[in-house]
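Chain residues, written in single-letter form:
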Amino acid sequence: MVKSRLIAILALLVSGLSGMQPLHAAELTITQLEDVDLGEVAPTVRRIQQRTRFCVSSDPAGPFQLTALGSGAAGAFVLSSGAGAASEIDYEVYASGRGASRGRALVPGVARSGFMARPPRPNGDCRPPLTMMTIVIDPSSVQSAPGGQYSGTLQLTVGPE
Amino acid sequence: MTHSRSCEGYVPLALRFLFFSIVLLAGLYPAAGYAAVQGSTGPDTTGSVDLTYVQGLNVRINGLSDMPLGVWGGSGALAANDNICIGRTGVPLFSSAGTYRILASGDGEPGDPAAFTLSNGPSQMNYRAFFNDQTGTTGRQELTAGVALTNQNSFGLFYFFNMIFTCGAENANISIEVPEAQLSGAGGVYTGTLSLMLIPE
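The listed protein sequences derive, respectively, from chains A and B.
In terms of our numbering, the first sequence opens at residue 1 and continues consecutively.
In terms of our numbering, the second sequence opens at residue 162 and continues consecutively.
One or more hints might be untrue.
Distance windows between CB atoms, simulated [said to hold, decoys possible]:
1. A/39 - B/346: 56 to 66 Å
2. A/39 - B/305: 34 to 44 Å
3. A/49 - B/349: 36 to 46 Å
4. B/296 - A/105: 35 to 45 Å
5. B/237 - A/39: 53 to 63 Å
6. B/299 - A/139: 30 to 40 Å
7. A/123 - B/327: 32 to 42 Å
8. A/37 - B/255: 30 to 40 Å
9. B/256 - A/107: 27 to 37 Å
Because the hints were derived from the structure by calculation, they are not lab data.
The beta-carbon is built from N, C-alpha and C at its ideal position, and this holds for glycine as well.
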């Protein structure tokens, strides 16, 4: 009788513990992402760049790491006009924000750490967004590219450090 | 810069260039619909943005000089030529896949506003103009005033140099010729301007 009660208590403890989340597990959210229009540009010797801000919140607030994947082969940062490799334009991605005031070059699929997320607000408001991303096209990437419309998708993943 | 006819004194002839190049945007495309995907809340979160860019084409003509025709000695035609630089974007460096057209216009005459003419004020003379898509005059093609000469071509690396370094690699030639028949009986200082418009194809 005593033995069966002990087994029942242990079973309850185990099932309870297995359902608990670690106290320090952060809940991250990335929002306010906006598409980036680099414009209609006739290539010059100047580089083309466009900045956009987005929000990363964490409960509790803390550091996060950022990983970017482009839509090229192996996640390469390329814009494509859909007519094969000859009509692809490389671009670079830089990110900055709290904890990383200087823009950091992102490498496809490689997590960059050192960013700080803001705590979430009760109403979900995250303004102003504190993480900035800069898309840069170097002139050397466009001099040889055929004219036309180029597009690509950039996937951003944030995770805890 | 000058030429003379025997018995009629010195008759300077000069031809100046006006240069035009066209920036041709590759069409106006409708803006892409906004498709940014926001992340959900969790231990990690992923969102995505769409990037769009419209690549135009640039061309550049450079390295042109005034062409002095000199002093006519009383017989034969007068001619001059100049190697120039054509730049164009949108061509791989080791390819000849990008063509262009050249449109030349002179000072005009009654009935033909683009005619290749030199003038001393009261009177005019006609000249011929030629374009070559390589240096020198061998293989040149005669230009028709106001009509584009199409399908001209060069090497991507030359185009690139001429876009980046102004005139990094001479890759074309413009030449003119005043026939003897036009020079006979003319007197005075004749000048004119030849305008060249470069258009990517």
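For this session: For residue 39 of chain A and residue 346 of chain B, compare the CB-CB distance with the range 56 to 66 Å and indicate the outcome.
Result: holds, 58 Å
Exercise. Taking the beta carbons of residue 299 of chain B and residue 139 of chain A, is their distance inside 30 to 40 Å?
Worked result: Holds: the Cβ-Cβ distance is about 34 Å, inside 30 to 40 Å.
Exercise. When you take the CB atoms of residue 39 of chain A and residue 305 of chain B, is the distance between them in 34 to 44 Å?
Worked result: For residue 305 of chain B against residue 39 of chain A, whose Cβ atoms are near 38 Å apart, the range 34 to 44 Å holds.
Exercise. Are residue 237 of chain B and residue 39 of chain A spaced within 53 to 63 Å by their CB atoms?
Worked result: holds, 55 Å
Exercise. Taking 36 to 46 Å as the hint, is the beta-carbon distance of residue 49 of chain A and residue 349 of chain B inside that range?
Worked result: About 57 Å separates the Cβ atoms of residue 49 of chain A and residue 349 of chain B, which means 36 to 46 Å is violated.
For this session: Take a look at whether the Cβ-Cβ distance between residue 256 of chain B and residue 107 of chain A falls inside 27 to 37 Å.
Result: holds, 30 Å
For this session: Using the Cβ atoms, figure out if residue 296 of chain B sits within 35 to 45 Å of residue 105 of chain A.
Result: This hint holds: roughly 42 Å between Cβ atoms.
Exercise. Falls inside 32 to 42 Å, the C-beta gap from residue 123 of chain A to residue 327 of chain B?
Worked result: violated, 57 Å
For this session: State, for the Cβ atoms of residue 37 of chain A and residue 255 of chain B, whether the hinted interval 30 to 40 Å holds or is violated.
Result: holds, 32 Å
Consistency note: the structure conflicts with the earlier hints numbered 3 and 7.
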